[in-house]
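There are 2 protein chains.
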Amino acid sequence: MVPHLVTALTGPISELEQRILESVPAVERWFRLEWMEHTPPFYSSVDVRNAGYKVAPVDTNLFPGGWNNLSPEMLPLAVQAAMAAIEKICPEARNLLLIPENHTRNNFYLANVVQLRRIFQAAGLNVRIGSINPEITEDTLVRLPGGEELLLEPVIRSKYRLGLKNFDPCTILLNNDLSAGTPGILEDIHEQFLLPPLHAGWSVRRKSHHFKAYEEVAKRFGKMLGIDPWLINPVFGHAGNVSFAQGQGIEALQETVHTVLGKIRRKYKEYGIAEKPFVAIKADNGTYGMGVMMVQDAAELASINRRTKNKMSVIKDGQQLSDLLIQEGVPTIETIQGATAEPVVYMMDRYVVGGFYRTHASKGADENLNAPGATFLPLAFEPEHILDAQGHPTEPLPNRFYMYGVIGRLAMLAASYELEQTNPEAEVY
Amino acid sequence: MVPHLVTALTGPISELEQRILESVPAVERWFRLEWMEHTPPFYSSVDVRNAGYKVAPVDTNLFPGGWNNLSPEMLPLAVQAAMAAIEKICPEARNLLLIPENHTRNNFYLANVVQLRRIFQAAGLNVRIGSINPEITEDTLVRLPGGEELLLEPVIRSKYRLGLKNFDPCTILLNNDLSAGTPGILEDIHEQFLLPPLHAGWSVRRKSHHFKAYEEVAKRFGKMLGIDPWLINPVFGHAGNVSFAQGQGIEALQETVHTVLGKIRRKYKEYGIAEKPFVAIKADNGTYGMGVMMVQDAAELASINRRTKNKMSVIKDGQQLSDLLIQEGVPTIETIQGATAEPVVYMMDRYVVGGFYRTHASKGADENLNAPGATFLPLAFEPEHILDAQGHPTEPLPNRFYMYGVIGRLAMLAASYELEQTNPEAEVY
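These protein sequence lines map, in sequence, to chains L and E. Our numbering numbers the first residue of the first sequence as 3 and each following residue consecutively. Our numbering numbers the first residue of the second sequence as 3 and each following residue consecutively.
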């Protein structure tokens, strides 16, 4: 089930949404059976784009920030889901060490850390924050504008365990996506639960692996529901060894872009969609919306300017960009107060616990909204009925957040497939 | 974790409550470990009495009605917990048959059935309502004052399975406490999940078994927390073969009452409590607050009037009363708008999903509130902070519903012990 949140959608319900809404029992049962075979990621968030004719995930985050953007009513759901996750993985847990990103001056990010601490404390754990930032060499108290305090403590590594001064956790929760590579201090920890596993970090993870797994999930789900998987799956391709700065690998990239655009064009024709196809070219290992460009024609890549070259060369934490995902661009039909919007779905264990809209006033429906200037709009719970003029409840309102919750969970399931396939310890069995 | 609900408590936090609030991680871990060994009842509700010096469960219901009294904000929590319960017990479930009580004209009860249907539908099941009322021989559509419709369908029994016309459920959820005995139509169902099991019905279940199990739970929890178990455990005794109508078994009953009152008196002395001890005499297999009387002195039982005799002779569904529980009376310090109040805690699987106050304007702090004239007051979620005059959040508010959630879960755990001990199929292993 997916909480009933107020979406900005007011238009008619599309055929796809109708199909999903009338199939709730079958959809939920399908997920239940999948979770018997696969372990959901500990937590995740998924950016979803709804083009009306299709709805698809465009990014799946296994170290979600932004928990502070969920409305307060959703906290109990997140806590209950956190309890379920802890119970399953490490019921004996007492102490949880939360390892945040290294940027210690971003108050929005730190508010997210405070919210995660709140969730796991309410779930019944002693939570402390351990920094792996080399600059944090002593206890550092940060006071946030909201009045909250956050104590960042330097982690202490012994031969087999990671902890803090006078704090020996049984579970270590990473909220640091390891873009800069897996630090040695996190390696060879076998006595403690390290969540998510290290190979979920962006120094190992590849978007193209994720969307390959998602393609498989979409096919199986589409078959169950009796729909063309393309309606929930963005076409994609992959190009390696690309350097915009040195003009290397551009031709192969153009070829892939051309192929992906062709596939989209055929689908648009099949469904009578009049829009102009485009692709998002993204760092295969990138995050934070960095290293993303939109292209309508492969020829554009022959003459990109210096600024774009720079943008496409270096991503988060100074990583060089060389592997690229070429993903079908899915326009968004959602707007809020005139700003382009896309839903972000938050999950803890197998449960959808909330969501919000990412909005951007100066970006179009076919642009990347995860860019400077984006704002976040928490979603409220929708009352199940609206009262009519006589004060009687009307027909129950459809849960229009449900479809987004389904897409979010499909992407989460794909992440679960992906982590199984890329598990370095899998050969042991 | 327990949702943070607004309680009526405004007085200072008692030593006991303080002890519980400062031990959240230890308490939650203790429950997690218990649930590794024991299976929680599918759903339950617990009446709790808070005397200030002690807090105790006084009744544990394994077929909870009153789900309609939970506030709408709690629905998502109940749904998420229902998903967890279904996933664990019968992940392959598609169809759920809900069997309600036989009273088909009680709109309050029927609103509860509608709410349960809503919860399990949102959890992703096809839900239909099957009546075992012999008067329901054809489909009966009931329209509730709120505009909701409820279709009661007669159940159909085949040799091995129970269902409805064109509806073969894999799971049967009882919301009928089987006070009148287990109907043959529910017996020998081995292919379908029947929840809760038949031996949870009041024709088999005994309050004295429950409170014996609760005593054990309270001892173990008290030891972990370092508190006297009496602070959370009502003293009790049991008397069998009592007939008030025929004056039978009264002396033995008086002796038990005397013993229980003596135990309470000693505890009152130990803690310097000035109140007058009393006991609640209750049908050992009763429910609905029927067959309950309060006694301060065993001598009172020698001269009870005809009206009380009648009250104590027949309970729900015309069952004869003969086995009695003699339970320490726990006064309630909670009042709402001048009416005496007691919290009722609702649980689904191992999770506290909500609660409400049962209030009664014409009953005292030492009386049974589960009586005609009682009203129900849904509890709202408490914001975590109150804003000060400058609009800044103050210190986090303590979750005063937490303690009630702990007591509710201790009673639920006791029910789990009780059902294990009374399981007729347990010898098989």
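No lab work stands behind these hints, which were simulated from the structure alone. Please note that the accuracy of each hint is not assured.
You can't tell identical chains apart in this list, so a pair holds if it fits in one copy or across any two.
Stated by the list, open to error - Only pairs whose alpha carbons sit at most 20 Å apart, straight line, appear in this in silico DMTMM-like list of lysine to aspartate or glutamate:
(1) Lys90 / Glu24
(2) Lys271 / Asp190
(3) Lys278 / Glu75
(4) Lys278 / Glu137
(5) Lys225 / Asp190
(6) Lys90 / Glu36
(7) Lys90 / Glu39
(8) Lys221 / Glu137
(9) Lys313 / Glu150
(10) Lys161 / Glu218
(11) Lys225 / Glu94
(12) Lys265 / Asp190
Intra- versus inter-subunit Cα pairing at 20 Å for Lys161 with Glu218: neither (41 Å within a copy, 42 Å between copies)
Intra/inter-copy verdict for Lys265 and Asp190 if alpha-carbon distance must be at most 20 Å: Close neither inside one copy (44 Å) nor across copies (58 Å); limit 20 Å.
Homomeric proximity label, Lys278 with Glu75: Cα distance no greater than 20 Å: Classified as neither; 40 Å inside a copy, 43 Å across copies.
Up to 20 Å CA-CA - Glu137 versus Lys278, copy category: Close neither inside one copy (48 Å) nor across copies (64 Å); limit 20 Å.
Alpha-carbon proximity between Lys90 and Glu39, which holds within one copy, between copies, both or neither at 20 Å: both (14 Å within a copy, 13 Å between copies)
Identical-chain pair category, Lys225 with Glu94, by Cα at 20 Å: between (40 Å within a copy, 18 Å between copies)
Homomeric proximity label, Lys90 with Glu24: Cα distance no greater than 20 Å: This pair counts as neither: shortest intra-copy Cα distance 31 Å, inter-copy 25 Å.
Homomeric proximity label, Lys90 with Glu36: Cα distance no greater than 20 Å: Close inside one copy (16 Å) and across copies (13 Å); limit 20 Å.
Same-copy or cross-copy closeness of Lys221 to Glu137 [CA-CA at most 20 Å]: neither (47 Å within a copy, 49 Å between copies)
Up to 20 Å CA-CA - Glu150 versus Lys313, copy category: neither (35 Å within a copy, 57 Å between copies)
Within, between, both or neither, where Lys271 and Asp190 count as close if Cα-Cα is 20 Å or less: Intra 52 Å, inter 59 Å, cutoff 20 Å: neither.
Intra/inter-copy verdict for Lys225 and Asp190 if alpha-carbon distance must be at most 20 Å: neither (41 Å within a copy, 38 Å between copies)
Hint check: violations occur at hints 1, 2, 3, 4, 5, 8, 9, 10 and 12; the rest are consistent with the structure.
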